[in-house]
Amino acid sequence: MNPSPPTPALSPLLRVRDLCVRHATADGGTETVSGVAFDVPAGGAVGIVGESGSGKSQTALALIGLHGPSTRVQGSIRFDGDELLALDPAAFRRLRGARIGTVFQDPMSSLNPYRRIGMQLAEVLETHRGATRSAAWAAAARALDAVRVSSPLQRLQQYPHELSGGMRQRVTIAMAIIAGPQLLIADEPTTALDPTVQVQILELLDQLRREQGLALLLITHDLGVVARLCEQTLVMVSGNLVEAGPTRELLSAPRHPYTAALLRARPSIHHPPGMPLNGLPGQPTLAHESGQGCRFAARCERVQPDCIALPLYRQTHDAAEQRVLLCRHPLRPFAPHV
Amino acid sequence: MTPALLRRLLQLLPTLLLLVTLTFLMLHAAPGGPFDDERALPAATRAAIEAQYRLDQPLWQQYQHYIGQLLRGDLGPSYQYPDRSVADLIGAGLPLSALLGGLAMLLALVCGLMLGAMAALKPHGARDHLLMLFAVTGLSIPNFVLAPLLILLMAVTLQWLPAGGWSGDPSQLVLPVLALALPQIATIARLTRAALLDVLQTPWIRTARAKGLSERQIIWRHALRPVMLPVISYLGPAAAGTLTGSVVIEQIFGLPGIGRYFVLAAMNRDYGVVLGVVLLYGVLIVVFNLLVDLLHAALDPRVRL
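Protein chains in written order, with our numbering: chain R, 1 to 338; chain G, 1 to 305.
Hints should not be assumed to be uniformly reliable.
Claimed, not checked - No farther apart than 20 Å at their CA atoms in a straight line, the calculated lysine to any residue pairs in the SDA-like style are these: (1) G/K122 - R/A253; (2) G/K122 - R/H23; (3) G/K122 - G/Q201; (4) G/K122 - G/A195; (5) G/K122 - G/M132; (6) G/K122 - G/A47; (7) G/K122 - R/D306; (8) G/K122 - G/C111; (9) G/K122 - R/R148; (10) G/K122 - G/L200; (11) G/K122 - G/L280; (12) G/K122 - G/I218; (13) G/K122 - R/L66; (14) G/K122 - R/P281; (15) G/K122 - G/L224; (16) G/K122 - R/R93; (17) G/K122 - G/R206; (18) G/K122 - R/T71; (19) G/K122 - G/P226; (20) G/K122 - R/S70; (21) G/K122 - G/A194; (22) G/K122 - R/A146; (23) G/K122 - R/M108; (24) G/K122 - G/P3; (25) G/K122 - G/Q217; (26) G/K122 - G/R221; (27) G/K122 - R/A90; (28) G/K122 - G/D198; (29) G/K122 - G/Y63; (30) G/K122 - G/V136.
Please keep in mind that the hints were generated in silico from the structure rather than gathered at the bench. Just so you know, these numbers come straight off a predicted model, no measurement behind them.
In isolation and in its complexed conformation, chain R is listed as follows (with noise of 0.2 Å):
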């Protein structure tokens, strides 16, 4: 018998299969997210990578189903067992919040400027426990120290504005994690940061991870991000998941030349000065502009006539779904299956 792969959980804590996301629009709508299938087990960590307008924050709202009224959502998303898209509002309400937390990428514009931070932390557990209100803010006090805010019986008082931008996005992962959710989304949350606040943000969402074992799913478009928090990463393109497996393999050996391209395109210390930065060439074909092939074919440098004609061809390697490729002229094809 072959050594395989570790095999994953039998029932990952999160496991999202033809994930489709439409708008409805004027002229019958538009898909900004077709088919997306992925894995986050209970405690891991994975990486939802793409450019803006790859659907990869659509997924993100989604799965909190936090999409507009005017979006329909399709597909399947077991979250513990329970389907999501069957909830109704009122169960898919204690769920936010409660066992699935959300970080969003502007932490000045994230939190409520009118109220204490405090009042907005200790809410999440007055909804979901049903805790007293001295019990809330005493709970909001260790949530701020757990993120590493300095002084929280003080903050608790002050207001948004008065917190610089890091110390802001600590307070919306404490508010977040306050009510000890197993799913910890991130959607861009360092984006917005400075880079050195970037880097303990990052290191505090990986030891929240580690330390209190919830599953992680970060949304960025910053493939340094994925390589310093994830196991697992996804590619995304206008919509499709283009290419998915470990981290660290997605990375040293890229399979789909959008990621290969994406590597390529990231800005080095060693960048000779003056030199134009390894852009990507065009622009992102929106979901609804293609047919049937292949999204990133007006701006592969591998395009074969095959690719546009023929509808996607996707490949996947192992049954967990956990390496997937959507390419029919992929820089490696997988090994042939064993």
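Given chain R, work out where chain G should sit, using these hints.
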């Protein structure tokens, strides 16, 4: 806070002085005077009366005298009702005008906020369109049309409510309050709807949803304050205007408020009453604007006085 408040109060004084000065000058610049009548008075009588009211003095002396009076807290005599002072006339009309205006603003605030919120919570639905149709209608029908329509319906046809007059019976206030409040309800509903729609789009409301709060918690805990801000900004000056009496409404419903005195006084060049009412209105405006600022500071932690 307190020194800041004191400074703000002191800043109001030059505003009021400017208001009084401009009104004084404009009144005296307008042709005619308080004692120009269709029947010409004998020259001697006229000279005697004008001397009594100091109208024979140079303008700057009259001004000086009036300001001196004000500083002693005296609004001076009425030029048309020789036996009554301006303070008496305002004192007689203001309580009713303020009661009418106060009730109308209260009704407008409660109904406007509720209707605006109802419209915003299901935007672009049938309820929203119906409410906004009502709001536009309420805004476009002037109250001198609305008031007679209300009288026709409620007093003449249905005979539920008295058509006008004032003898202290609360039912006599219902129609004037309604007529005064309806356009304000419409305005406040529109302001509330726009503000609430705006707030519900913000990232921090999305955060509140991601925390699993119910819509009711989101509205009351997170959206109410920012929605109140534009409403309060509108309410301050609007309340000052409504409390000092609606000329038209008081006329139509035969209510003895100060609105009526004001119009008569302006027509008759009753310098004392016009200046007194303008000053009252000015004081209310600046005081209500100060209140608006104080409320803003109380509701928005980023605002400092």
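Indices of hints not satisfied (ascending):
1, 6, 7, 9, 11, 14, 22, 23, 24, 29
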